[in-house]
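Per our numbering, residue 1 is the first one in the sequence shown, and the count goes up by one each step.
Calculated directly from the structure, the hints in this document are not laboratory data. Note that the structure is predicted; figures quoted are calculated from it, not measured. Beta carbons are placed, not taken as given, at the ideal position from N, Cα and C, and that holds for glycine. There's no promise every hint is true.
Unchecked claim - Cross-link-like lysine-lysine pairs, in silico, DSBU-like; alpha carbons within 35 angstroms at most: (1) Lys35 to Lys76; (2) Lys59 to Lys76; (3) Lys80 to Lys43; (4) Lys80 to Lys51; (5) Lys76 to Lys51; (6) Lys43 to Lys59; (7) Lys59 to Lys35; (8) Lys80 to Lys59; (9) Lys80 to Lys35; (10) Lys51 to Lys35; (11) Lys43 to Lys76.
As the list claims (entries may be wrong) - Label-pair distances were calculated between CB atoms; the ranges are: (12) Gln22 to Ala87: 16 to 24 angstroms; (13) Asp67 to Lys35: 12 to 20 angstroms; (14) Gln69 to Asp46: 12 to 20 angstroms; (15) Thr23 to Asp67: 16 to 24 angstroms; (16) Ala68 to Thr23: 34 to 42 angstroms; (17) Gln69 to Phe24: 24 to 32 angstroms; (18) Tyr81 to Glu55: 15 to 23 angstroms; (19) Asp67 to Gln22: 28 to 36 angstroms; (20) Phe73 to Glu28: 17 to 25 angstroms; (21) Ala68 to Phe24: 29 to 37 angstroms; (22) Asp31 to Pro86: 16 to 24 angstroms; (23) Arg66 to Thr23: 27 to 35 angstroms; (24) Asp67 to Phe24: 25 to 33 angstroms; (25) Arg25 to Ile61: 25 to 33 angstroms.
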Amino acid sequence: MTIRTPNEYISRRDRRQAAPEQTFREAEYIDRLSKSRTPVVVKLIDGEEVKGWIEYYDKDIIRITRDAQPNLFIYKSRVKYLYEDPAGNSRAREAKA
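Let the sequences and hints guide you as you build the complete structure.
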């Protein structure tokens, strides 16, 4: 009679690998926004909104360039979310025309 260890009782379904912590989708999205100089709104965890475009980023920070205001380095850990600025996009289209 063989003795089974507890791991042998785990079903195949339960042995799936966990999802990776890094999928690099965040970096791809920020890179696309940066290269196209798309106007964005960055919502911080304290509720403040910062508008501008992403000039530089790395694993810890995002540099937001703004018109007529100082540029900012923002820690990614302080960002709640960011999105493309619809009002800024219409201004950018008008400037190109």
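Status of the hints after comparison with the structure:
1. Lys35 to Lys76: Holds. Lys35 to Lys76 sits at ~19 angstroms (cutoff 35 angstroms).
2. Lys59 to Lys76: holds, 8 angstroms
3. Lys80 to Lys43: holds, 6 angstroms
4. Lys80 to Lys51: holds, 14 angstroms
5. Lys76 to Lys51: Roughly 15 angstroms between the alpha carbons, so the hint for Lys76 and Lys51 holds.
6. Lys43 to Lys59: holds, 18 angstroms
7. Lys59 to Lys35: Roughly 17 angstroms separates the two Cα atoms, so the pair holds.
8. Lys80 to Lys59: holds, 16 angstroms
9. Lys80 to Lys35: Judged against 35 angstroms, a Cα distance of about 22 angstroms means the pair holds.
10. Lys51 to Lys35: Holds, because 17 angstroms separates the two Cα atoms, which is no more than 35 angstroms.
11. Lys43 to Lys76: Judged against 35 angstroms, a Cα distance of about 11 angstroms means the pair holds.
12. Gln22 to Ala87: 16 to 24 angstroms: violated, 32 angstroms
13. Asp67 to Lys35: 12 to 20 angstroms: At roughly 19 angstroms between Cβ atoms, Lys35 and Asp67 fall inside 12 to 20 angstroms, so the hint holds.
14. Gln69 to Asp46: 12 to 20 angstroms: Roughly 18 angstroms apart at Cβ, these two residues keep to the hinted range, so it holds.
15. Thr23 to Asp67: 16 to 24 angstroms: violated, 33 angstroms
16. Ala68 to Thr23: 34 to 42 angstroms: Since Ala68 and Thr23 have Cβ atoms about 37 angstroms apart, the given range 34 to 42 angstroms holds.
17. Gln69 to Phe24: 24 to 32 angstroms: Distance hint for Gln69, Phe24 holds at roughly 31 angstroms.
18. Tyr81 to Glu55: 15 to 23 angstroms: Given about 19 angstroms between the Cβ atoms, the range holds.
19. Asp67 to Gln22: 28 to 36 angstroms: The hinted range 28 to 36 angstroms holds for Asp67 and Gln22, with Cβ atoms some 33 angstroms apart.
20. Phe73 to Glu28: 17 to 25 angstroms: Given range 17 to 25 angstroms: holds, Cβ gap about 21 angstroms.
21. Ala68 to Phe24: 29 to 37 angstroms: holds, 34 angstroms
22. Asp31 to Pro86: 16 to 24 angstroms: This hint holds: roughly 21 angstroms between Cβ atoms.
23. Arg66 to Thr23: 27 to 35 angstroms: holds, 30 angstroms
24. Asp67 to Phe24: 25 to 33 angstroms: holds, 30 angstroms
25. Arg25 to Ile61: 25 to 33 angstroms: violated, 18 angstroms
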